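Trainee: Grab the two chains, each in its own frame, and use the hints to assemble them into the complex.
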Amino acid sequence: MPYPHQLGFQDATSPIMEELLYFHDHTLMIVFLISSLVLYTISTMLSTKLTHTNTMNAQEIEMVWTILPAMILILIALPSLRILYMIDEINDPSLTVKTLGHQWYWSYEYTDYEELCFDSYMVPSTDLKPGELRLLEVDNRVVLPMKTPVRMLISSEDVLHSWAVPSLGLKTDAVPGRLNQTTLMSSRPGLFYGQCSEICGSNHSFMPIVIEMVPLKTFESWSSLMT
Amino acid sequence: MLGVEAQKPPKGKWTTAPFDPRFPNQNQTRNCYQNFLDYHRCVKAMNRRGKSAQPCEYYFREYRSLCPISWVQRWNQQIQDGTFAGKI
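Line by line, the protein sequences give chains A and B.
Using my numbering, you'd call the opening residue of the first sequence number 142 and step up by one each time.
Using my numbering, you'd call the opening residue of the second sequence number 48 and step up by one each time.
Rather than coming from a laboratory, the hints here were simulated on the basis of the structure.
Any given hint could be a false lead.
To give an idea of the chain B side of the interface with chain A (calculated C-beta under 7 Å), a few residues [claimed, not checked]:
(1) Phe66
(2) Arg69
(3) Cys79
What you are looking at is a predicted structure, and each value in this text was computed from that prediction instead of being measured.
Quick reminder that beta carbons are idealized off the backbone N, C-alpha and C, glycines included.
Chain B extracted, bound-state conformation (with noise of 0.2 Å):
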């Protein structure tokens, strides 16, 4: 369920994560990391409501494109053990 892989979206429109005006300047950490967690609770609040997590598809490709794989590894190692610092 957390795999990078099981959670491949099928081929669309996608080119690459457009400008995003809350992070206009160099410092583009936070536009990764936001993205992430968007991701987590959109996926958290659709599974809550049994709706399919389809909409969620664009926090998710945002995420990837912008991250670290590293950093996404870790992350998700975290959350799998429970140590994940941030609010999901």
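Okay, chain A solo, but in the shape it has when bound (with noise of 0.2 Å):
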């Protein structure tokens, strides 16, 4: 869950997840290398008294700075794609749930077996409880069976959406009309939040994503309960 003051990612509860954190530092170290090297090079240049001026040509070190970046950008897009493909990867969900956004709420439909649907409506702020956080809790969770690949379809019925859980790496957009398909696989219990993601009207900030990941034998007491 998201913490005041936080600087990074939340931690990661998918193994898609942490790759990308993976992924993050690995860029990331890319980065601070080479701004570090270019600031060095730039206060050394502007604090020696040395001069040159008789450069004619220097196609030495023209081959050295258009290959290595060409080398470090490959050593970027090989663990992107790699990740990219893992995420289409073909899997076997054994549940699937629906969620369609509407303005300003989601709703979530379990039809696999009986028929469970639902609203999920933020908790306004004169509601909340002690130690619930602001903005984000909502009247239904989403309950999931845990460590099971689950197959989400998003979809809207009104405009635009985007179904977002940054712990798990998922951002997805909800469009009228059409039914997108993402898998969600969580590696541990707990409560996962996240926000809309597509801009969509006055409510926009208020319409967010709790999921309830359990164990399966408590998800199937709590669907049961629920239908």
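Mentor: As structure tokens, then:
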């Protein structure tokens, strides 16, 4: 979950998000190295009294500072594409959950067996219990079994929305008339928060998403309670 | 006949809609719509031959898993009104 003065990503909950964290560390390290090299070069050039005025050609250095950046870009592109293809791997979901964006709440449908559907509105700040998160809590959470691949189908009933849960590395646009699929797989139980990520009107900031990952038995008893 | 409640299949080994290689990408709109069409075409063909619609249950469960309830209700209403655009 997010916390005040947070600088980095939230802890990863899915294997894909773990990979994304590693990739981000790898790429950011490259960025820091290049930036510090450039900063050093600039500061050295600005603080020296030496001059050099007779360069006519610079074939060797031009080769170096063309080939080396190309190799660095490949070094970034390969892990990036690896993760991209990993996200698209064919898996065998055990459950399908549909989520529909409305102005300004999400509704969820579990229709594999019985028809279970409910709306998920944000809890107003005046109704929060002690310890609950402002603008992030909802009345009905999306309860899902952990450690199982879940097919999420996301659409909208009115305007564009986007269903995002950062700790699972998920963000999928909710487009009216279109059904977008993403796969959800949580490695651990817990509560995972997200917010609508596509501007959709006055209460765009007030339609959060809360996923409650529980063991399979708990999920089964919850779903039989809800239907 | 067209209501979802009347067509609920008995509990079997169904978990959820399996991966369909005809629709491998993110956009699953056609997957939902195709299964809806296939179900109704299957029922129509079986009824025409006087056979049971039991084999059509697969398509029913597929579209029920994949399609948003509001879409199914709208399409069923259109079928009842005779304004459904798909070929059944």
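Trainee: Now look at each hint and say whether the structure bears it out.
Mentor: Hint by hint, here is what the structure shows:
1. Checking B:Phe66 against chain A by beta carbon gives a least distance of about 6 Å; that is within 7 Å, so the hint holds.
2. A cut of 7 Å between beta carbons decides the hint on B:Arg69: the least distance to chain A is about 13 Å, and the hint is violated.
3. For B:Cys79, the suggested interface contact is upheld, since its CB lies about 6 Å from the closest CB of chain A, less than 7 Å.
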